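Chemist: Residue-level listing of the chains:
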Amino acid sequence: MDPDILMRTVGLSKRYPGVLALDSVDFDLLAGEVHVLFGENGAGKSTLISMLAGATEPTAGEIFAAQGGPVRFASVADAQRHGIHTVFQEFSLIPTLTVAENIFLGREPMIGPFTDHRAMRREARRMLRELDFDIDPTEIVAHLSRARQQMVEITKAFHGDLKVLILDEPTASLSEREVDHLFEFIHSLRARGVGVIYISHRIQEFARIADRVTVLRDGRKIATVAMKDATDRTLIEMMTGRSISEIYPPIARHHGEVALRAENIRSPGVHGCSFEVRAGEVLGVAGLVGSGKSRLFRAVMGLAPREGGRVFLGEAEITHASTRAIIRKGMYYLSPDRKSEGLDLIRTSRENLALNLVMSGRGVSRGGLINRSVVNAAADRIADHVDLPGTYRDKVVSQLSGGNQQKVLFGKCFGQEVDVYILDEPTVGVDMGTRSRLYLLIKELAEAGKAVVVISSDLPEVMNLSHRLLVLAHGRLTAELTGAEISEDRVLEHFFDETGAA
Amino acid sequence: MSRKDTETGAVALVKKVFVRVGVLPFFLAGALVIFTALSSKFLTGQNLFNVARQSVYLILVSLGQMVVLISGGFDLSVGTAIALTSVVSALGMVWLAALMPDAIWLAIGLGAFMGLGAALLIGLVNGIGVAYFEVSPFIMTLGVSSVGAGLALFLTGGVPVSDLPYEFADLFGFGRLWGIPVPVLVAVLCIAVMWIVMSRTRLGTRIHAVGGNIKAAHLSAINTRRTLLVAYMLSALIASLTGLLLTARVESGEANLGGTIALESIAACVIAGVSLRGGIGRVGNVVLGGFFIVLVQNGMNLAQVSSYMQMVLLGILLILAVIFDQIRYRIIVSGR
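Chains as they are written, first to last, in the numbering used here: chain P, 1 to 502; chain G, 1001 to 1336.
Simulated from the structure, these hints should not be mistaken for laboratory data. Since the structure is predicted, the reported quantities are computational estimates derived from the model, not experimental observations.
Selected chain G positions facing chain P (in silico; Cβ < 7 Å): (1) Arg1200; (2) Thr1201; (3) Gly1212; (4) Asn1213; (5) Ala1216; (6) Ser1220; (7) Ala1221; (8) Asn1223; (9) Gly1279; (10) Val1333.
Calculated Cβ distances over 12 Å to all of chain G for the following chain P residues: (11) Leu20; (12) Asp26; (13) Asp28; (14) Pro70; (15) Ile94; (16) Arg125; (17) Val225; (18) Met227; (19) Lys228; (20) Asp229; (21) Ser245; (22) Ile247; (23) His255; (24) Gly403; (25) Gly429; (26) Met463.
We put the beta carbon where it would ideally sit given N, CA and C, even for glycine.
Here chain P stands alone, though its shape is the one from the complex (with noise of 0.2 Å):
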């Protein structure tokens, strides 16, 4: 084995009931190398660093920890013992405790029957030095941001030596400048020689930190590449298996009247922001977590708290309205989060359906009777529309996959008639299959003469998709790219922008 390698596997698979979810994977991580695991959702990356963390046994292969024979793993804490540490994407901290005692939470310094709570501080305080991060231990966790509950989280992980480090999805909910302290973090670790496996989605982070990158598709490696040797378009279509031009729909643009107007917003984290959407165009709105870019559209729909700036749909000013008003008057927002602000998930998809035709009037008669034939019938043609499956239709929204569940709150917005679509983050979670399909809908709208608005932290999504592009940094609007401006470089120099400038 090379001397480099800090952990490989063979052959490694994973079945679960009715589903092979890896299927024969070769992988080998060096020392002082970053990693990154590339995969749409449910192509096997959780499942293959499931294993390599200790958290699943695999059905079939072998796993090979740094300069010794095939190794299995009987718990996380084992992996840990042969340097293997795992930050999840889920955090384990309680957030009403202080930084040490999180640190310490189950092996607690005991004198006698009490906890020492000196000992735990002055330890804490050694580990945070020795892994660089600035943080008090003594702070109640609930007070830190994302970026150092993160820390905490891998110093918490963190104990014995570290030979691997594992990241799921670290960076789904940092802000721009909690994403540079983490970079900075992983090039040191980098340069202590320690391999990192990263695994992310966002491909516009992988030119930063990446060495080599290993596509996974249904289960299967597709190849692993140097990231020097790749680019975003060959990454995307090894991760997908279709072209570029397959998957987003070529749109034709309109230009219609302005139909969204807004100017100079401001909302806490907005800093004065001003734009137009015309019918008949795809307006992408791009910029990392923390730009603004999804406050600034909560805040145009009253969703944020509204501090300065003027909004008119049509001709009608909305600055002051309510969230309520603006969507009666011609402008539906399509949550980022369907579980917690989309959808109603103890009811099924038809009733989900039918709640909006239902409060737009759709088969209610003049006395105020619900008719509930003609609302399902209404709701059975939307979701014929969205591809929703006729056995789907019946069962609660909690019971389906994320994908239909996405089109469940697709078709939501076809429940009322309006001119202006904002959607936020509209295939977050989704498979490629759903996507395309989706962007079907999105072209669909804005042919018809829609203005349409996509919010996305997805690059190639909102590159591919927009007629014109704005970019966020810091809370302001650093870009305006329109049709064949729009390239990966130019839209990236923008989202570090510190200045403003556009």
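Position chain G relative to chain P; hints supplied.
Modeler: Frame of chain P; chain G shown alone:
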């Protein structure tokens, strides 16, 4: 079909009924078997008719409670709404009847409106607290229930208000129309109205949506605050109507009416499959749930269970119902 198949078929049926309607059919069947065994008087037409008549009051209050539960809240102040209605309407009727002895029905009508008004005020305060100040429904209605109970006692000095107009009790307490007791008629009317409201109007859809996911409801252009306010006002209004019927029945305004009805109505709803998480509940089942609670009380009386022991059993029943509700919710969400 082999024996094993029929067994799994039966289990599947039980599960299907449980997921669809909840624990009520099983509790009802259990109660019928147990009390029939304990007392020969239990399963007679006369007794069941009595239970139906007595359960009118609890059924009504449970309908209001159901609305609030579906909206995702609680109403612990239904008993207070009843007591305050009773005291205020009785005081009003006695006072007005003395002022205008010739227009006794006007006095009764106005007195009743005063009672309804007092209860609506309770619903309004509950609704404003929960919807606009986002106070937890539990604490809000608990506090209001103390305020209302205190006011009812203060107004009467703790002494029942007697000498109500004879006609009031005669019609609403003991009267019959087309041979049917008036309270039963009122209940039937209320059940029909609530059924239409909850399943056939936008208000019902709104209440379900708010209880199911309030943020999603907000993004579906629903005025969530006003919907919550209306839910609490509806609950108070129905409780108040019950208070009037009870006042007529006992022929006096009493501040201690409705003492245990908050617990009983929540029990009736939960047993009838109304989810404590909001969003789920059906009018028809709640009517049966109210009937069931009174049936159990009647059965325990016939079996000579002491009233103290009855409290214990009712509490246990409520807790069991909540546990089964939890299990049912898990099944609905996971689909297994």
